[in-house]
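Protein sequences, first through last, are from chains A and B.
Position 88 of the first sequence, counting from 1, maps to 88 under the numbering used here, and the rest follow consecutively.
Add 1000 to a position in the second sequence, counting from 1, and you land on the number used in the numbering used here.
One thing to keep in mind: the hints can contain errors.
As the list claims (entries may be wrong) - These stretches of chain A come out as covered by chain B in the derived footprint (C-beta under 8 Å, 3 or more residues):
hint	stretch
1	39-51
2	70-78
3	82-90
4	105-113
FYI, nobody ran anything at the bench for these hints, they're computed from the structure.
Since we're looking at a predicted model, the values are computed, not measured.
Note that beta-carbon positions come from the ideal geometry of N, C-alpha and C, so glycine has one too.
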Amino acid sequence: MLVARELTKEYQSGGRPLAVLRDVSFDVPQGSFAAIVGPSGSGKTTLLGLLAGLDVPSRGSVRLDGTDLSTLDEDARARLRGERVGFVFQSFQLIPTLTAVENVAVPLELRGERGAARRAAELLERVGLGGRGHHFPAQLSGGEQQRVAVARAFVNRPRVLFADEPTGNLDQATGARIVELLEALNREDGTTLVLVTHDLALAGRAGRVIRLADGVVVSDTPTGAAAAAAAA
Amino acid sequence: MLAALLGLAWRESRTARRRLLLYMSSIALGVAALVAIDSFAGNVSTSVKAQSRALVGGDVQFTARGAFTRGATALLDSLGRAGAQVARTTGFASMGVAPRTGRTRLVQVRAVEAGYPFYGAVTTRPAGRWAALQSGAHALVDPALLVALDVRVGDTLTLGYGRFRIDGTLENVPGDPGIAAVLGPRVYIPSRYLAETQLLVFGSRAQYEAVARFPAGVDAGRWVRQREKGLERLQLRARTVADTERGLTQAVDRLGDFLSVVGLIALLLGGVGVASGVGAFVARKLDTVAVLRCLGATSRQVLLVYVLQAAAMGLLGASLGVALGLALQFAIPRALGDFLPVDVVVRPEPAAIFSGLLVGVWVALVFALRPLLALRRVSPLQAIRRDVDPGAARARGVDWASRVVDVAVGASVLALAVDRTGRWRDGVGMTVGIFGALLVLWLSATAVMALARRAIRAGWPFVVRQGVANLYRPGSQTRAVTLALGFGAFLVSTVYLARGNLLRDLDVRTAAARANVLFFDVQEDQAEGLDSLVRARGYVAPGGGLTPIVTMRVSAVNGRTTAQLLADTARRKAPWPLRREYRSTYRTALGDAERVTAGRFFSGEGSPTGVTELSLEAGVAREMGVALGDTITWDVGGVKVPTRLTSLREVQWARFEPNFFAVFQPAALRPAPKQFVLLARVPDEGAVARLQRDVVGRYPNVASVDLSLVQRTVGAIVERVSLAVRFLGAFCLAMGVPVLFSAVAATRRDRLRDAVLLRTLGATRAQVRRVLLAEYAALGVLGSLAGMALSFGGAWALARFVFRQPFRPDWLAALAVAGLLTVLTVAIGLLTGRDAFRAPPMAAIREG
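Put together the whole structure using the sequences plus the hints.
Dropping the structure here:
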């Protein structure tokens, strides 16, 4: 469902082009769980931004469910994100002036969907925060805020969910619970999950690891059961 | 969808409402000014319309420049025969004497015929005494006269040779504003006793009026229009009720226009405050907007959410302004009541309220839109990358939306300026002036930033270097604060400079005055006697004594008669210098209150048969259209006196001296019928009272003016005006506070971040505070001085084009205003930045 072809991103630096990503190509099938790993400066976040339609490549293309994102303007990409994409950020990125249930409801409200509050409450229940819906982000712990963010990411039944270092600001135990939550929702709803992380142990839980270094894909290998199935 | 966005806008604004409201309160004061002024003007217009008949006292009011001519009298008599009611009134100044106490006072005598006024009611205390006025030698007086003469109702008051019983005091006389009484208490007497007083002698100045009430069905306006030329020939001026309404409402409208220009500037200054404040608000919302974009919000949805917030707060701010304006509306009549000829009925004016609200919300929105537009281009990448420059996502090419908003701002300013000034030319001029001032301020800020960059020295103390460096660093607030502060300083300083200039001209100069008592209406056969009386007591003013006054009119200029000149449509000069009666004098030396500006003042007596030399006041010569060497022929009691203009003079009319438009060489006028004025210098109040009493006892028709009393009276009026202007100045200053808050708050987060960094690196709180102090002191001085410099231009323009007087800058007042605003800037800067040196660095980092 997610197809990247010869993705290249260049920035101007000192009057010369600086390539942050070079000729990155891969496919991510629907329902799969892929991790993108690499050291700091390898281009992981840039790749995430391109895949999610937050940015446009200098060359190459990204197709999400058959739609070439580079042919859309920013507002069209925003609408597409609202319909098909979910996000979980490292720093949670909850809107501080909205309560937990209001934060979860935002994607539905932006599409003008009815019953947003009810659906949001259901999802908060699913992530174990049914009784905290009326609390503001500042009143929640880091793990709780990330669970709210996860609920928000799933509220619009996205086709693909992008998680950018979702455990980066959490302790190990809490982070593990968040990943379990993501995996569970991935299994139950069939959402494609793309996880960006520098944590190899976390990446190992994915079905496939795409390794980046200096802006290029250095390896793209199945892991765990997927690797075994591939070997067989 | 809209409902959902409204809900999101409301919820998302939770923690920002107070701050947004503070920014929007910048416009509240401007809206308050406009609502108060428009409402008051509306109230006055309504009251004038309702009371206009009472103001005139009849359907038509006739006034003459002198005593009614035979023709005028015949016309008035014919009106009476045709069924109209006519009542004549005569008004003049004279000395009133209380025989019981021996005290005397200059009074305004109004001799009225039966029936006056035909509309409106004169109220007295005890009630109902007006009806009995004509039944005998009665007088109704201002309460102040009882105090001045130490008399009671029932006592006798002598006016010249007439004796009147004081029947009561005046409470309200329609069309006669209370303020007039401060110049001389009013005394109403029946006309038929006027002759008995023998007060109206040769040369006496009096106002001759008549009011007429037409029979039902007669259109007074049409009657006057049909007889316009005839009335002109009879030297009669006729005012109908409609004319009075028009004149009064025009006068109030002009005052309202002037004040509402101040209100408009307040509103625009508020708009600048809104723009700054919303800019600060936008900076705080970038992360939230980036997240919303990630979650699927389009740029239009994002913009709508925050425009709705701005509109709601703008409505609140404007509503606050309306409430304040309504309160002011009720206060204005209390302050101005005595100056108005009508009783103003105060009530809310829906049109003024609605337009104030609409204008306030519009200004708030249009100024808020400019910074809000930047939200459209916030990149969603910012949610995942902290190093994305929020401003990097600028529109490639021309941002048409921003251009449209810029044009909307400019058009709004122009439309408001034209609406407030009432004329396209003035509105355009004002708009150009406003944008010119803003441009000058912007350039000043840019220049100072460049200068600061060059001027900074390594040897300066760290805190000063850091503070000065903040003036030109990226993201500095120099321009925003300079605009807001400088414009506020410009406004406040202009008001104070104009006030000082205006009030200086109203100042009755006593230090330079030769005399403190003036006797006038002195007849030829009384002059010597009065002079001896005053000299015997040693009271003659230095260089003073008797000054002759001869009444005359212009007969011809350079061989053309006044009739020919007035009929000449190509002559673009005002007619009044050719029509008016002149009270001129003759002497061979300049007075102390005048100086020659062209030609040479004559020294000789002149010849009674040749052409007499003449000196004219420069202004009247300009209005008359004459120059040095021209001949002017005067009609002096039927005798033609030719003169040649040999000098022009500038006269200080405010000086307590007998000043004249026309001064002649003596020979030609000595034989003419004349009266005299006499100046005296009397040491104390008691001596003045005794002298006045003795003079009026010997010469009942001779009136006198006590300068110290005039000073006190004028001083009281000037104090009222000064109070109003001081209020205006304080109002302007108050406007600047929320605007300054907004401008300073715009870069609060940057201040906080810098301060946190400094503290993390080892700076103490005191050092951080001093850095802030250095920066805001520099900003305050820069903005205030730039505004002050502009204000000299503004005050000069006001003096030159509005008040038509020379401009004399009051450096002290301007510097005081600049100093106060600098202190205000520093205080606000330290107040808004207090977190930087109060909160621990960790807490501040978390908030950042």
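A quick look at each hint next to the structure:
1. A count of 3 residues in the stretch 39-51 of chain A with a Cβ less than 8 Å from any Cβ of chain B is obtained; the coverage claim is therefore met, three being the minimum.
2. A count of 3 residues in the stretch 70-78 of chain A with a Cβ less than 8 Å from any Cβ of chain B is obtained; the coverage claim is therefore met, three being the minimum.
3. Chain B is given as covering the stretch 82-90 of chain A, and this holds because 6 residues of the stretch bring a CB closer than 8 Å to a CB of that chain, at least three being needed.
4. Check result for the stretch 105-113 of chain A against chain B: holds, 6 residues qualifying (beta carbon to beta carbon below 8 Å, three or more required).
The structure shown violates none of the earlier numbered hints.
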